[in-house]
Structures are given as structure tokens and as C-alpha cells.
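Start from the sequences and build out the full structure, keeping to the hints where you can.
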Amino acid sequence: MMKLLNPIAFYNDRKLLIANLIIFAVGTALAVLVQAWFCSTIQLLFKSKINIYETTIENIIAISLLTLVFFTAGKIINKKTRLIDCLNLSLYTRIPFYIISLLNFNGALSRNMPIELEDGSIKIPPPSSLATDYIISFITSCLNIVVIIFLLVVIYRSFKTLSNAKKTSDYIIFVGIFLLVTILSPIIINLI
Amino acid sequence: MKTKLPTQCPSCETLLSVSQLSCENCQTIVQGNYPLPIFLQLSPKEQEFILQFFLASGSLKEMASQLSISYPTVRNQLDDMIKHIKDLNI
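Sequence order for the protein chains is L and Y.
Quick note on this note's numbering: the first sequence kicks off at 14 and runs consecutively.
Quick note on this note's numbering: the second sequence kicks off at 3 and runs consecutively.
Keep in mind that the hints were calculated from the coordinates and are not lab data.
Among the hints, a few may not be true.
Said to hold, decoys possible - Sample of chain Y residues with no beta-carbon within 10 Å of chain L, all distances over it, derived: (1) Ser19; (2) Ser21; (3) Gln22; (4) Phe56; (5) Ser72.
What the hints assert, rightly or not - Just so you have them, the derived chain Y footprint on chain L, three or more residues with Cβ under 8 Å: (6) 18 to 24; (7) 166 to 177.
The C-beta atom is built at its ideal place from N, Cα and C for all residues, glycine as well.
Written out as C-alpha cells, the structure is:
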């Protein structure tokens, strides 16, 4: 479990990168299958129509932006920070998104969510009265909370390892850059 | 039982110095006041790290592979030790 919460501290960088790239390829393909849309570094939505090219590019941009955050903050804190560790961490933090997107198999999740249509308009579905929809929403919400906690722990521990961050000011620098890029990422992804 | 070499005074926590050395063969005793070498001022874990680093020919990658941990973890341990040794010198 400790290894899963801080892969950067335990696994060989090259082996981890190969595993992460395989997961990236499989995860992106699955995201297309379930119409998942990576509209920012930490956001996942669903679209009525999606293609593999767009999803791959959006995912690559999200990963590149996250790598940029880890690398910039890491270099400010410790000049010995390596790009491969930052890339590994950003690829690793995408895994929960691929798992969550699988919940939308057969549209189980997206049929009760606002969806962007082909003409760019947003379709808001009527409130559901089905008990199963409430159960699905409840399970998804619980899973999302678990994923958020998991991501926070992974990012905190792994960033500490890759940059040797110790002081509070180190984390303030990291959080500042992270928030800035997170706010800017939807704009950047929409521009490209 | 392997005893641990005390480096700090248990009363006031000041760094201890060597005041007596003895020969186990002829029982000769040398008395004086010798400062503790820097290597011995380090914790047993840090001493073990230096030994492993030396045996791995100074290769952090080799050390990481031997200890089944990642390169950044070994590098961080080394950086922390460098800082500790610099602090001891001051």
C-alpha cells in the first residue's frame, strides 16, 4: 500500500514510465469508449460524441501541464529535480480518472449529467426519479471522495520525494503553481 | 549484543570526546582528549549508508537497485546527510 501511495520513492523510474505509458494508452482508449472528456488537469466530464484523436490530445495536454507544475515547483525547491520523476507522477495521477470514467459504461453515469452536444450546447437532463440512479450517484460520490483523498496523499508524498521538499514555504510554492495551472488548464485545452 | 557507541552526553547532550583507548592484546591504556571523528558522529543508519555508497562505487543508481528503492529516495538521503555533515563541521 505504501508503494501505491508513493510510487516515486520505490519503483525504478524507467520501469514505472513504461508501466505508466501502457496505462495511459489503455486508459485513453477506454475513455473514448465511455465518452469521457479530460477538460482540465483535474476534471472529468462526458460528451455525446468523442473521438480518439481529441481525447488523446486533451489527455496529453493535461499530463504535460501537470508535469510542468511538478517540474517548475520542484526545480525552484531543489535544482536536482528530474523531469522523468515529474512525468511519472503526472501519468500516475491520471489512473484514478481512467477508473472513474469506467463507471460510465453503457452511459450509466452520463445520462443524468449535463452533456455537451455536437453543436456545442449543453443538454441538462430532467431530474431522475429512479432509485438506481440515486444509488449510482451515491456510489460515484463516495468513490470520488476516496479518489480525491488518494490523489492528495499520492501528490503530497511523491512530490516530497521527487523534490526533497521539507519546509512549509516549499509546499506554498507548489500549491500556488498547481492552483494557477489548474485554473488556466481548461482555457489552454479549449484553445488547442 | 552489539553495543552502540554513544556520541552525546546523556546529561547535557554535548558531543562527547575520546578520553581513553585500550589495547585488547597487552592491556596498554592511552589517555588523552581526542575529538570524535565526523564519521562516528553520524547515526548508525547514516554510517551504514556511507558504507553502502562506498561499496556501490559511489553510484546512486546501483545503490537504489541494491536497496530496492528509487533513485530520488537515495539522492534525498545523500543530500540530507551532506547537510548534516556540513552542520557538524560548523
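Right, here's what the structure says about each hint:
{"no.": "1", "hint": "Ser19", "in the structure": "holds, 31 Å"}
{"no.": "2", "hint": "Ser21", "in the structure": "holds, 37 Å"}
{"no.": "3", "hint": "Gln22", "in the structure": "holds, 39 Å"}
{"no.": "4", "hint": "Phe56", "in the structure": "holds, 21 Å"}
{"no.": "5", "hint": "Ser72", "in the structure": "violated, 6 Å"}
{"no.": "6", "hint": "18 to 24", "in the structure": "holds (count 4)"}
{"no.": "7", "hint": "166 to 177", "in the structure": "holds (count 3)"}
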